[in-house]
Structures are given as C-alpha cells and as structure tokens.
Amino acid sequence: PGPPAGVKSAASTSSVVFVSWLPPLKLNGIIRKYIVFCSNLHPTVMSEFEASPDVYFYRVPNLARNRKYSIWVVAVTAAGRGNSSETITVEPRAKGTGCLCNSVTIESWESKLMLLKD
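All residue numbers for the sequence shown refer to this note's numbering, where the first residue is 1 and numbers rise by one.
Treat each hint with caution, since some may be false.
[What the hints assert, rightly or not] Pair ranges (Cβ atoms, derived): (1) 70 to 30: 24 to 30 Å; (2) 45 to 79: 24 to 30 Å; (3) 83 to 49: 16 to 22 Å; (4) 83 to 47: 18 to 24 Å; (5) 15 to 79: 15 to 21 Å; (6) 88 to 25: 15 to 21 Å; (7) 64 to 29: 35 to 41 Å; (8) 91 to 28: 29 to 35 Å.
[As the list claims (entries may be wrong)] Dumping the calculated BS3-like pairs for lysine-lysine here, alpha-carbon to alpha-carbon at most 27 Å: (9) 33 to 8; (10) 8 to 68; (11) 8 to 26; (12) 68 to 33.
Calculated from the structure, these hints are not laboratory results.
Positions of the beta carbon are idealized from the N, C-alpha and C atoms, including for glycine.
Produce the entire structure from the sequences given, and follow the hints as far as they go.
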C-alpha cells in the first residue's frame, strides 16, 4: 500500500505521545494492520507497535521526557508492508497537550482517551 498520510502527534504525559494518521490513498488490498515505528537516536533504539486496521491513532508509551523521537507509520496488507509515511519528530513534555489531528482532537484525561469531532 501507499504511505499513511497526515501523521501528527500530541504529548499526553511526560512519557506518552499519541500519534494519528490517515489511511493510504492507494490501498492495494485490504489493510490488515498499521505499524507505528518509534526511534530514539541516542542511544539508537527502535520500537514497533501494531495498530488495528480500523484505528488511525496509537498511544506510544515508555518514552523519556525531553528526548526527541522519530516516528513513522506503515500500512500492511497480505502482500506485506507498504511505503513509510513521512517521519515526524516528537518530544514528550512534563505536561501533556492536546492537538488537532486531522479534524479530530485527541486529549488525554487520566487514563482515558477522548476523541472529539470538531
């Protein structure tokens, strides 16, 4: 499949960010899952997280505050992984913030996630 589009992020806590995206324009089959990649450069550590095919956001946990991470998303079909999305840089903060993510506002409230349509 083509790359997921419109990748955005919002810091939730000092160790968590939410990442959102749009489905690829070219599906080339049925999307079976999305893989969210998170990479830290110093030291080089890369993690992969799987998201359901009908979900366009993911909560990335266990991040270090004030450290920059690169994040990108890949769609997967029966044929395998597609092209990577654009890479974005995220940095967990001491206090979380909300972010407009493709017409859906993602806010953290305690341990719950609220999706608010604008």
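Outcome of the hint check:
no.: 1; hint: 70 to 30: 24 to 30 Å; verdict: 28 Å, holds
no.: 2; hint: 45 to 79: 24 to 30 Å; verdict: 29 Å, holds
no.: 3; hint: 83 to 49: 16 to 22 Å; verdict: 18 Å, holds
no.: 4; hint: 83 to 47: 18 to 24 Å; verdict: 20 Å, holds
no.: 5; hint: 15 to 79: 15 to 21 Å; verdict: 35 Å, violated
no.: 6; hint: 88 to 25: 15 to 21 Å; verdict: 19 Å, holds
no.: 7; hint: 64 to 29: 35 to 41 Å; verdict: 37 Å, holds
no.: 8; hint: 91 to 28: 29 to 35 Å; verdict: 34 Å, holds
no.: 9; hint: 33 to 8; verdict: 18 Å, holds
no.: 10; hint: 8 to 68; verdict: 15 Å, holds
no.: 11; hint: 8 to 26; verdict: 20 Å, holds
no.: 12; hint: 68 to 33; verdict: 26 Å, holds
In this structure, the one hint that does not hold is number 5.
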